[in-house]
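Given the coordinates of chain A, assemble chains B, C and D onto it according to the supplied hints.
Residue numbers (our numbering), protein chains in the order written: chain A, 47 to 376; chain B, 47 to 376; chain C, 47 to 376; chain D, 47 to 376.
Misleading hints may appear alongside valid ones.
Note that the list lumps identical chains together, so a pair holds whenever it fits in one copy or between two copies.
Calculated pairs, DSS-like style, for lysine-lysine (alpha carbon to alpha carbon, straight line, at most 30 Å) [stated by the list, open to error]:
1. Lys263 <-> Lys79
2. Lys263 <-> Lys149
3. Lys63 <-> Lys90
4. Lys149 <-> Lys63
5. Lys149 <-> Lys366
6. Lys347 <-> Lys79
7. Lys90 <-> Lys149
8. Lys281 <-> Lys263
9. Lys347 <-> Lys271
10. Lys149 <-> Lys271
11. Lys307 <-> Lys149
12. Lys149 <-> Lys281
13. Lys281 <-> Lys63
14. Lys366 <-> Lys263
15. Lys149 <-> Lys347
16. Lys366 <-> Lys281
17. Lys281 <-> Lys90
18. Lys79 <-> Lys149
19. Lys271 <-> Lys281
20. Lys90 <-> Lys271
21. Lys366 <-> Lys79
22. Lys347 <-> Lys263
23. Lys271 <-> Lys366
Read the hints as simulated data drawn from the structure, not as lab findings.
There are 4 protein chains.
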Amino acid sequence: MDSSNRHHSNPPSADSKLVEQEERRNDIGFGTKLTDAHSRLINKDGTFNIARINSSLWDRLNIYNRLITMSWGQFFSWLLVAYLFTNTLFAGIYMLAGADTLKGVDDRVLNGPFWKCFFFSSQTLTTVGYGHISPDSFLTSCIAAFESMIGLLAFALATGLLYARFSRPVAHVRFSQIAVVAPYLDVNGWMFRIINTRANQLIDLSITVSLSRVEPKPDGALTRKYYGLNLERSKVTFFPTNWTLVHPITSESPLFGCTPKDLEESDSEFLISFQAMDDTFAQGVHTRYSYRYNEIRWGHKFRPMFNGNQQGVVTLDLDKLDDTEEAALN
Amino acid sequence: MDSSNRHHSNPPSADSKLVEQEERRNDIGFGTKLTDAHSRLINKDGTFNIARINSSLWDRLNIYNRLITMSWGQFFSWLLVAYLFTNTLFAGIYMLAGADTLKGVDDRVLNGPFWKCFFFSSQTLTTVGYGHISPDSFLTSCIAAFESMIGLLAFALATGLLYARFSRPVAHVRFSQIAVVAPYLDVNGWMFRIINTRANQLIDLSITVSLSRVEPKPDGALTRKYYGLNLERSKVTFFPTNWTLVHPITSESPLFGCTPKDLEESDSEFLISFQAMDDTFAQGVHTRYSYRYNEIRWGHKFRPMFNGNQQGVVTLDLDKLDDTEEAALN
Amino acid sequence: MDSSNRHHSNPPSADSKLVEQEERRNDIGFGTKLTDAHSRLINKDGTFNIARINSSLWDRLNIYNRLITMSWGQFFSWLLVAYLFTNTLFAGIYMLAGADTLKGVDDRVLNGPFWKCFFFSSQTLTTVGYGHISPDSFLTSCIAAFESMIGLLAFALATGLLYARFSRPVAHVRFSQIAVVAPYLDVNGWMFRIINTRANQLIDLSITVSLSRVEPKPDGALTRKYYGLNLERSKVTFFPTNWTLVHPITSESPLFGCTPKDLEESDSEFLISFQAMDDTFAQGVHTRYSYRYNEIRWGHKFRPMFNGNQQGVVTLDLDKLDDTEEAALN
Amino acid sequence: MDSSNRHHSNPPSADSKLVEQEERRNDIGFGTKLTDAHSRLINKDGTFNIARINSSLWDRLNIYNRLITMSWGQFFSWLLVAYLFTNTLFAGIYMLAGADTLKGVDDRVLNGPFWKCFFFSSQTLTTVGYGHISPDSFLTSCIAAFESMIGLLAFALATGLLYARFSRPVAHVRFSQIAVVAPYLDVNGWMFRIINTRANQLIDLSITVSLSRVEPKPDGALTRKYYGLNLERSKVTFFPTNWTLVHPITSESPLFGCTPKDLEESDSEFLISFQAMDDTFAQGVHTRYSYRYNEIRWGHKFRPMFNGNQQGVVTLDLDKLDDTEEAALN
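This is chain A alone, in the form it adopts within the complex (with noise of 0.2 Å):
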């Protein structure tokens, strides 16, 4: 990271005028391309509104990261899927060894021969091993030291992936689902405001606003530019309460002199970026959110979320986080 600095802290590309306007435009990594006006840029989850074609399947599949971001709902479905699958199979092969190999219960009792090799197999599986039915043939032994090797993998990869997805830093922070344009000492201000949903504590906050919207080049031709919002604060170090973010719409500000319709005309839309370290594990926390120009709602100001003062703690309503009132701007 140092070594960047080094390489280029020499004044750059002194001569090209072109060369050097087009190094201090503000590009966040979407590119001057993406000028159509009916899709976002970033989804209210987060995630990118950028489809890919010709990955390869692994890729595409990317199984480990599927497992470990699908809900626990989903998760424990595909985890019994695959146990009830494993078991099937396997109760396939040892009835292709011969069922009568596995010694033990009589068949009848447990819904014929196929069942007994499944619960078997389950048995096996999951090195549960009663004995009351076990393989008695060279040929089922193997099949069941190799399906007994298979069951111990398979559980220390759940171990892994349960692990996985417990400890995976997750940043619990909710965006109010609108921003406003309200007064702001003596100018107006472009505000939002989070909170955190947890107890854990986040500390060292830092959150980056971006408006990216289109405009027109000198010959016409639409393209998709981008500012740095200014901030009041852009950086905290506790979170204990809520925070609202303001950018001050001052004559520097992109924002100045606009109307709700040009923001509209623009395709305008404010990207924000928000880390934060989770004081648990001491591990980053990341997230993104997007205000389009239809969420924002001009001359309205948020009310406080404080609920008075009970019993000596200060205490805060959770679900004021949306709440606005009217309020005229400067």
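Quick look at chains B, C and D alone, frame taken from chain A:
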């Protein structure tokens, strides 16, 4: 992070003095509204003194975080309760399916059918599976196959939780219980000290101290303000012994000319944020601490913690952390 | 890290021009002596083209690292080999202790005493323990007690390895196979491009490019020199699509005025260091790549990778990563 | 971290020369009181040469840290001891509950009732559960149900410990056993060198060197002082070969004009702090080293470690790390 620098490097808000002023205000995340003089901001265990209402059940439970941060005694008690509960549950299910379909040991030996079911359940859940009790019907076999899977997953979970508890980065740093105002060179200094209670090495330590106090606004309303306190030394590379942190009370200090009574009346609290790297795992560790006005001893200084040099090794006596003696202020 | 800045902020070595000059030389760690024109510095898989002799056996084995970085096929093969080997070993031990002390199934059913011992071993190692074969002497019981402990530890190890393999941070970034020198604004640029092959989001990307080439010293001896190449943009926050990295060949560029022949004669290699944050686990990912002089197409430019806009979603065609077309240089 | 910069950017303590002077003093965390001339500050294994008394038992045990950092031999010995101890304990409990309630194999076959209990315990603890011995009373079943739970937790713990030991970031860096003072360009330099002993790639290396020596204060009392030593190069991106660290002894160096005798009399020690990123896991690795005055060879220089170029691959001979030869100083 770098992008943030890039965005905000332009001089902010030159056309509004109020905006500029607000941007310069030190706010570490508590806001200006916590002006109740009877409660502290940071509790002695490093948590914040703020309650939340209307969070979702799931957020309130925050299961993983609780299981990780509860004491070892509580943790093992919960494991035992969960184990007994699950076995009782499955014992009930086996009873419904018919205790007589679990073949083997005579019920009377194990205090009747319920306990036979209970012990069979425990042998299935832990996959010990002696086999002296075994499922002798289709239905019971199905339940047992399911229970053994649940058992493996449950212990997979326990494995992950145990590892997470053990490997969680915790700063084993002890703060002196009181801070002092003592003579320091040719001025006075506000001081506290810390030790590393473990043999783990902490490296690259960094500490910030903020003073929070309530001040009247021009209109007489109370508002909470924050001041970063300059430290004699806020970063060190190594932490082999104790470390006394000193804020020199020079004329630039917000404490300059303050009396104990001033601190009390302004509900002063010194907020400390500590971070370091635990060398064993190269993990960052963070902690917080605070001293309120009534936890400061004026005109006292810390006594050395070194206990002489025994057999060529310098010895540090951890019991002396809070030892102070009177010292006339400059 | 901060301490390093503190230490070295004073102007260095003002009394020795040679020292000062050396301190300013860009060296990214390869030194000046690798001047062989026939081998590259960074291999295509990101490793370095340097061998070591006389490292210790343990360092050469580097077991953990190998088990983590080998392919999944190799990994499972090694697990299987280890499982078979351990069982064979313990089968031998049980044979020595007396195969007839393992009571239960008739030897002949399982192809003789060795296989009875082998299967008993596998049932002990995996803790499946059916019990249709069981240790019927003090000595055999001791061995079995030991083996079951080994078994659990071995599978504990396998659990850890599986988790480590899965959770290892890997940058799934594909570099274009060739770099190009193409017209860029009013000058030319040296360019390559990259895509993220996975749906995982990479954020806070940062890239540095160094040019390494062999130059004659005043005394005629060859020495390898390194130049940091200025990039149009070396950091982006998001990486939703492809990213074309551009080094503008302005008059400050070490490539200014260079011909393909110059690059070949100086054994030029472009060394690329990539780092980003994988958003799923907030883990840093790093990778390296290099382009040698013969992997650069002069007078070609990259074709766009966007495949139109289908159903409101912009589509990226990963197969077009290496597509170039001729373009007259400025 | 940024907040710290914000807090302390104002010029410090302008009204007290002594405070200002103290703030400028380099102190890397050892303080000024360690002036014993006969013991080093940093031991050869990177630990600090400082003892503690009166720490709590729990802090002194520091179990997790010990289990992670002890050698593999010790670790497995402890596991074995714990396994035998637990089995002996539970064997005793089963004896108290009545060895005859464990039904199955004849006691005499297993050397009497204690060993029957012992082996039953081991089969329960590891969940192998053959069932040729099984609990045949309510009390014994209860104990066995508890023991099998303990067993699973214990091996869960072992799984976590094994993973933690394996995945712990360790810098496999070897420092030359001696440092040298050798001619360097037109001055002299204090030098040592390091190699990476593993094939793991280390990237983004950074090294700081401090000189610690005892100096008399104006009042004659001895005090330990610290100086950051300027390095020819303190950061590199890649570390494929060896790296010679050079502190040029220019007129600004605290070593300027020093003789070996000066270093001995001032009990000089060179403290080295190393950090890098292990590329396999993108984990930070840290280590420390120190050279005392008697580990420096004056008028020697390091011999190259390259062993020619074999089959197009540059070869590094690790045995040559400590090779020096005489060289006349400037």
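Do the hints match the structure? See the list:
no., hint, result
1, Lys263 <-> Lys79, "within (12 Å within a copy, 47 Å between copies)"
2, Lys263 <-> Lys149, "neither (81 Å within a copy, 83 Å between copies)"
3, Lys63 <-> Lys90, "neither (39 Å within a copy, 36 Å between copies)"
4, Lys149 <-> Lys63, "neither (86 Å within a copy, 89 Å between copies)"
5, Lys149 <-> Lys366, "neither (66 Å within a copy, 60 Å between copies)"
6, Lys347 <-> Lys79, "between (35 Å within a copy, 17 Å between copies)"
7, Lys90 <-> Lys149, "neither (58 Å within a copy, 56 Å between copies)"
8, Lys281 <-> Lys263, "between (35 Å within a copy, 25 Å between copies)"
9, Lys347 <-> Lys271, "both (28 Å within a copy, 23 Å between copies)"
10, Lys149 <-> Lys271, "neither (74 Å within a copy, 75 Å between copies)"
11, Lys307 <-> Lys149, "neither (80 Å within a copy, 78 Å between copies)"
12, Lys149 <-> Lys281, "neither (69 Å within a copy, 66 Å between copies)"
13, Lys281 <-> Lys63, "between (34 Å within a copy, 21 Å between copies)"
14, Lys366 <-> Lys263, "between (43 Å within a copy, 27 Å between copies)"
15, Lys149 <-> Lys347, "neither (76 Å within a copy, 71 Å between copies)"
16, Lys366 <-> Lys281, "within (23 Å within a copy, 38 Å between copies)"
17, Lys281 <-> Lys90, "both (23 Å within a copy, 25 Å between copies)"
18, Lys79 <-> Lys149, "neither (69 Å within a copy, 72 Å between copies)"
19, Lys271 <-> Lys281, "both (25 Å within a copy, 17 Å between copies)"
20, Lys90 <-> Lys271, "within (21 Å within a copy, 36 Å between copies)"
21, Lys366 <-> Lys79, "between (39 Å within a copy, 17 Å between copies)"
22, Lys347 <-> Lys263, "between (35 Å within a copy, 23 Å between copies)"
23, Lys271 <-> Lys366, "between (34 Å within a copy, 25 Å between copies)"
Going through the hint list in order, the structure does not satisfy hints 2, 3, 4, 5, 7, 10, 11, 12, 15, 18.
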